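Protein chains in written order, with our numbering: chain A, 1 to 172; chain B, 1 to 104.
Where hints are given, some of them may not hold.
[Unchecked claim] Over 10 Å on every C-beta distance to chain A, these chain B residues come out as not near it, computed from the model:
(1) Thr4
(2) Glu16
(3) Pro22
(4) Asp23
(5) Ser26
(6) Ala31
(7) Asp54
(8) Leu82
(9) Lys101
[As the list claims (entries may be wrong)] Straight-line distance between alpha carbons at most 30 Å, and here's what the computed DSSO-like set of lysine-lysine pairs gives:
(10) Lys24/A / Lys77/B
(11) Lys77/B / Lys47/B
(12) Lys101/B / Lys24/A
(13) Lys31/A / Lys77/B
(14) Lys99/B / Lys106/A
(15) Lys75/A / Lys47/B
(16) Lys145/A / Lys77/B
The set of hints was computed from the structure by calculation and includes no laboratory data. All of these numbers come straight from a predicted model, not from anything done at the bench. Heads up, the beta-carbon is just placed ideally off N, CA and C, and yes, glycines get one too.
Residue-level listing of the chains:
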Amino acid sequence: MTTQTTETAPFVPSFDAPESQGRKLAIICSKGNLDMAYPGLILANAALGEGIETHLFFTFWGFDMINRKTSGELKFTMLGNTATHMPQGLGGIPGMTHLATSQMKKAIADLDVPEVPEFLDQIVASGGHLWACRMSADMQHLGEKDLRDDVEGIISASDFIELTEGAQLLFI
Amino acid sequence: MPTTTIAGHAVEVNDEGFLTRPDQWSDDLGAELARLIGIELTDEHWKLVHFLRDDFALQGETATLRRVSTQTGTPVKSLFELFPGKPAKKMAYVAGLPKPKGCV
Chain A
1 MTTQTTETAP FVPSFDAPES QGRKLAIICS KGNLDMAYPG LILANAALGE
51 GIETHLFFTF WGFDMINRKT SGELKFTMLG NTATHMPQGL GGIPGMTHLA
101 TSQMKKAIAD LDVPEVPEFL DQIVASGGHL WACRMSADMQ HLGEKDLRDD
151 VEGIISASDF IELTEGAQLL FI
Chain B
1 MPTTTIAGHA VEVNDEGFLT RPDQWSDDLG AELARLIGIE LTDEHWKLVH
51 FLRDDFALQG ETATLRRVST QTGTPVKSLF ELFPGKPAKK MAYVAGLPKP
101 KGCV
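Generate the whole structure from the sequences, applying the supplied hints.
Okay, here's the thing in structure tokens:
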């Protein structure tokens with residue numbers, strides 16, 4: 001980065017600095033809880049906004065994020081989550097997961113952060129790539145027709161490793 | 001605070017080169033800031049830059065890419081075409097505003 005400040009050459013941010021070119025990020029989304037869907041989406045969106053080539057690989061429960069039937073229906077539960085700092089027994093009361101989910105969705109919407117399907121729309125519009133895990137598709141008996149149209153393919157773990165060569169990787 | 005001279009105007013900038021005083025900005029300066037980062041401003045660009053200026057005046061912070069998209073009705077894809085690579089930061093720079101703080 002240039003640090004000199006002179007009267008003749010204007011000091012301009014180095015948006016397209018060569019050292020930041022060619023950076024790649026791979027995010028493996030393996031969870032289907034509402035609260036665990038967001039970290040990957042937010043980081044993917046941030047990376048794309050920085051001009052970083054970004055690939056998301058949905059596997060196991062993360063498949064719920066790209067399955068048309070479940071994408072908008074992810075839930076948040078207090079059960080097993082001590083970070084709510086509430087008695088665990090409360091989480092088992094009928095309707096509590098529904099309530100906790102509604103509250104979390106409202107908190108997210110209040111920040112003008114979109115719901116999962118719309119967030120994925122934004123990621124794809126920003127140039128992000130979505131990939132589905134072959135084994136998860138086979139286990140759940142799902143095919144391309146069950147997934148969002150913008151999922152680029154159902155691929156094996158080794159295919160994903162190959163196409164993200166040189167990428168930084170996040171497992172969520 | 002360092003200063004730099006852009007199109008004959010002495011402006012205050014931070015250590016990354018973003019203008020630190022929104023009141024030192026003008027349309028002329030905006031056009032020159034854009035040129036310096038390789039963007040020729042069209043009417044579409046100007047609409048967004050002026051939205052950012054107006055929104056900053058009201059909200060006190062720079063709109064995120066999502067806010068620009070939803071509030072102006074401009075698809076995110078178009079924002080990436082108009083301000084390639086790092087649209088949110090480039091828009092903020094051209095508008096003479098700090099880079100956005102929001103995550104989304």
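Checklist entry - Checked against the structure, which of the hints given earlier come out wrong? => result Hints 1, 2 and 15 contradicted; others consistent.
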